[in-house]
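Given next are the chains, with one letter for each unit.
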Amino acid sequence: MDQLKNLSLVLVGVLVLPWIFMVAVPSCQMRALTAQATEAGNMGVAANFYPGHQVFEGGAAIYRSEGCAYCHTQVLRDPRAGDDIYKRGWGREQGLDLEKPEQATYARASLPQDYLGEHYAPIGLDRVGPDLSNVGYRRPDRDWHHRHLYQPRTESQWSTMPPMKHLYELRKIDGQPSSDALQLNEKYAVEEGYEVVPTEEAEILVQYLLSLKRDSPAPLALLPEVTLDEGETLPPQAEGVVRGVSTKSKAPAEDPEPEPEPEPAPSPAPEAAE
Amino acid sequence: MSDAAASTLDSSEENRSLRAFADEASRRPVLLLLVSAAAWLLVASVLGFMASVKGHASDLFATSDLAFLHYGRLKPAFQTAFLYGWCFTAGLGVSYWIMARLCKTGIKKRHWILWGIFLWNILVTVAVLSILLGGSTSYEWLAFPDWLWVPMLVAFLLIAVAPVILYQIRRPGTSFVSQLYILGACLWFPVLFLGANFAIRHAGAIGVMGPATNSWYVSGVLFLFLVPMGLASAYYMIPKITGRPIHSYQLARLGFWSLALFGGWSGMQRYLGGPLPTWITAIAAVAGILLLIPVVVVAVNHHQSTKGSHARMVDSPTMRFTVFGGFCFTAFGVLSFLLSMLWSGKTFQFGFAQEGLQMLGAYGFFTMVMFGAFYFILPRLSACEWPSARLINLHFLLSMWGVLFMISMMLFGGMLQGQGANMKYQPAADALYTDGETDPNSPQIPGRPEGYVNWERDHYQATSYTAWTRRGVSFTWLLLSGANLVFFVHVILMALRLGRKSPEPTLLGHAHAPTAPQVSGGAAH
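Just so you know, the sequences run in chain order A and B. According to my numbering, the first sequence is numbered sequentially starting from 1. According to my numbering, the second sequence is numbered sequentially starting from 275.
Hints are computed from structural coordinates only; laboratory data are not their basis. Any given hint could turn out to be false.
Stretch by stretch, here's where chain A covers chain B in the computed footprint (C-beta under 8 Å, at least three residues) [what the hints assert, rightly or not]:
1) 322-333
2) 543-557
Within a straight-line C-alpha distance of at most 20 Å, the following computed SDA-like cross-link-like pairs (lysine to any residue) qualify [said to hold, decoys possible]:
3) A:K165 / B:G408
4) A:K5 / B:P464
5) A:K5 / B:I443
6) A:K187 / B:H521
7) A:K5 / B:T448
8) A:K5 / B:R445
9) B:K383 / B:A477
10) A:K5 / B:H521
11) B:K383 / B:L655
12) A:K187 / B:L334
13) A:K5 / B:I439
14) A:K165 / B:P446
15) B:K581 / B:H521
16) B:K581 / B:V570
17) A:K165 / B:H330
18) A:K5 / B:L535
19) A:K165 / B:I439
20) B:K378 / A:Q3
21) A:K187 / B:F335
22) B:K382 / B:V438
23) A:K165 / B:L334
24) B:K378 / B:P446
25) A:K5 / B:Q442
26) A:K165 / B:T337
27) B:K383 / B:L334
Note that the structure is predicted; figures quoted are calculated from it, not measured. Built from N, CA and C at the ideal position, the CB exists for glycine as well.
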């Protein structure tokens, strides 16, 4: 008995230990996170608190039960791990004038606080579809979402997204057509005398998608540090995305001029350049 | 005691009768587990095929009445049926039998184990159905509704306590590494399942730690349940077929304890560079790299143990499947090591390759090794031999090519997907995007300055470049479904004792070779 008991204790122990350190302790840390005051004027937006967004948690259950996370992520990785922050449309795109692309800012890499109060951060498993962290900024139109959920090909011909027709009701027009009915284009229009209206679940899901605006201005203290050489300044696109810290210059900077294009340019940071 | 010493005892009449007693005592629960596992595998392959097809043929059967055929529901339903239906049931059945054999004893009161098996099958059915009907939680490999995990844990414990009891009441003087692996898997899974479900479902607003814990669980199931169960079978079957003990018992123990030590820390490197505390992903990545130690140790040990016995791969179905699984295990370990790096994440994170890695471990290694074990165990439970060598051969070929194609498609597709997503702006890609004509709904308006990049462009590239690999995976699921149908029919025939009544085992390749080391009687242990 003793041998089995000791062996079992050791075997269970080698797994309980990582559970405590890797799951229990950081989970408590995440639960203890709170919203915090931000510096005024950061990124030119007067938000008093970070995170300044509120994700509509009521819709998360439908997002999960329909398995959206199997194809969509909601995370922007650190530039060391991927190019996410340079992708146009993935962030909030302050001051984005389509005619003046050089004014676009980078998106901020996701921070743990961006998922504050969420039961399960829908980081996602695969990127068959685009990232949805900030789809609320990118697609603010409720009707677009309904058309797209009902039949994605009405909005993007080549999309491989499955239609969510089970969240919509196809019904005979009785008297006046509903004001909620979807305006589908010719190719996907329904029979004459019929209309497609969203169910309550569809409305909740769209409300959730519209609330996905995770790129709210973060306090400088939380932003990742990049080292700047003397005389070097942070490129305008990177403001509010990383925090520049000056050091005594050791060697003249090779490329102090920031690139105008949204490339992995901000010469900063040994880490960002890796 | 070493395996070599054990094998000298082996031929004694007493041992033979003990083995017969152990087989008889474990016969009913093991048979029930193996048959239900084979049935689940068939269900899972069909679900996997349907999910894969729906992944690229999005408009197929997309009506409001057929909501259960929605990709986002089929995918978790497939994973649940495959993992809990097939992998767990098969792993528990095989490990129960091996443990009984190695401990040369049996449990007399078995009815609660049978109840556990019934309960487990019912609960997995409920889990799959509730996912299909819209109750999915989308937690990876834990997609069933919240209330199901406690009964599932109870059912698992009812079954998994059997090998532990067998180990406790074993005949003195025998110690094998397979016993350690089985004991480890039976003790680790409850901790993993409890720890992950509690944190994910009931610990409140833990934000990013939800998916992080989920990735810890997935890696834990791979490295601390499927890997030990598969290795237990491989360490048992290889000496049996070759007729020689394993190469080094010390190496085998080193492999086990290094797996035990590092397995529980790995997993969260999946989100390297994500919004997690950096130290967590860093520790996980280090553990993921250190897991190369057990992988290399096992690879060396298996290679040395099978050296000179490659002829047995031609005729013994068990050996064929086990050795193929062993190769996949090495590939799985190396790939898992490579994907634990920051530089590989840029291309492979959030891509098809992650699924390829999982399938390499769960199908290429675990499932193939389990097939080998089934081919060994069932004749000993049913007192008849496999009806058809041709069907076994067909099963092997379809499974091998299916798995190889599927995993290469997933890995290659993942690479293309990552490259497509990271690619710099290319006007040619936009021309492709519009299929030669202008999409009126496209945010890309002709004549825009070149600096303005269509935000959808990256993911269009990622999707379009990999579309053919996803179609390829559907094709491989067709092969695997065929293979598993053959397997299921064969297992049912064996369970009904409709096999060949012959003193000689069913061998592949050439006609039965009477001079070869005795396969059915067993050599080692």
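Taking the hints in turn, this is what the structure says about them:
1. 322-333: The restraint on the stretch 322-333 of chain B holds, since 5 of its residues have a Cβ under 8 Å from chain A and three suffice.
2. 543-557: holds (count 9)
3. A:K165 / B:G408: Holds, at about 14 Å.
4. A:K5 / B:P464: Given that 20 Å is the threshold and the Cα spacing comes to 16 Å, the pair holds.
5. A:K5 / B:I443: With Cα atoms ~13 Å apart, K5 (chain A) and I443 (chain B) stay inside 20 Å; holds.
6. A:K187 / B:H521: violated, 67 Å
7. A:K5 / B:T448: Given that 20 Å is the threshold and the Cα spacing comes to 18 Å, the pair holds.
8. A:K5 / B:R445: The hint holds at about 17 Å.
9. B:K383 / B:A477: violated, 38 Å
10. A:K5 / B:H521: Not OK: K5 (chain A) and H521 (chain B) at ~29 Å, beyond 20 Å, violated.
11. B:K383 / B:L655: holds, 19 Å
12. A:K187 / B:L334: Distance of about 17 Å is within 20 Å: holds.
13. A:K5 / B:I439: holds, 12 Å
14. A:K165 / B:P446: With Cα atoms ~64 Å apart, K165 (chain A) and P446 (chain B) exceed 20 Å; violated.
15. B:K581 / B:H521: Holds, because 10 Å separates the two Cα atoms, which is no more than 20 Å.
16. B:K581 / B:V570: With Cα atoms ~16 Å apart, K581 (chain B) and V570 (chain B) stay inside 20 Å; holds.
17. A:K165 / B:H330: With Cα atoms ~17 Å apart, K165 (chain A) and H330 (chain B) stay inside 20 Å; holds.
18. A:K5 / B:L535: Roughly 18 Å between the alpha carbons, so the hint for K5 (chain A) and L535 (chain B) holds.
19. A:K165 / B:I439: violated, 52 Å
20. B:K378 / A:Q3: The given pair, whose Cα atoms are some 18 Å apart, holds under the 20 Å limit.
21. A:K187 / B:F335: holds, 18 Å
22. B:K382 / B:V438: Judged against 20 Å, a Cα distance of about 14 Å means the pair holds.
23. A:K165 / B:L334: Measuring from Cα to Cα gives roughly 12 Å; hence the hint holds.
24. B:K378 / B:P446: Holds. K378 (chain B) to P446 (chain B) sits at ~10 Å (cutoff 20 Å).
25. A:K5 / B:Q442: Distance of about 10 Å is within 20 Å: holds.
26. A:K165 / B:T337: Holds - the C-alpha atoms of T337 (chain B) and K165 (chain A) are around 6 Å apart, at most 20 Å.
27. B:K383 / B:L334: Distance of about 51 Å is beyond 20 Å: violated.
Hint violations for this structure: numbers 6, 9, 10, 14, 19 and 27, all remaining hints satisfied.
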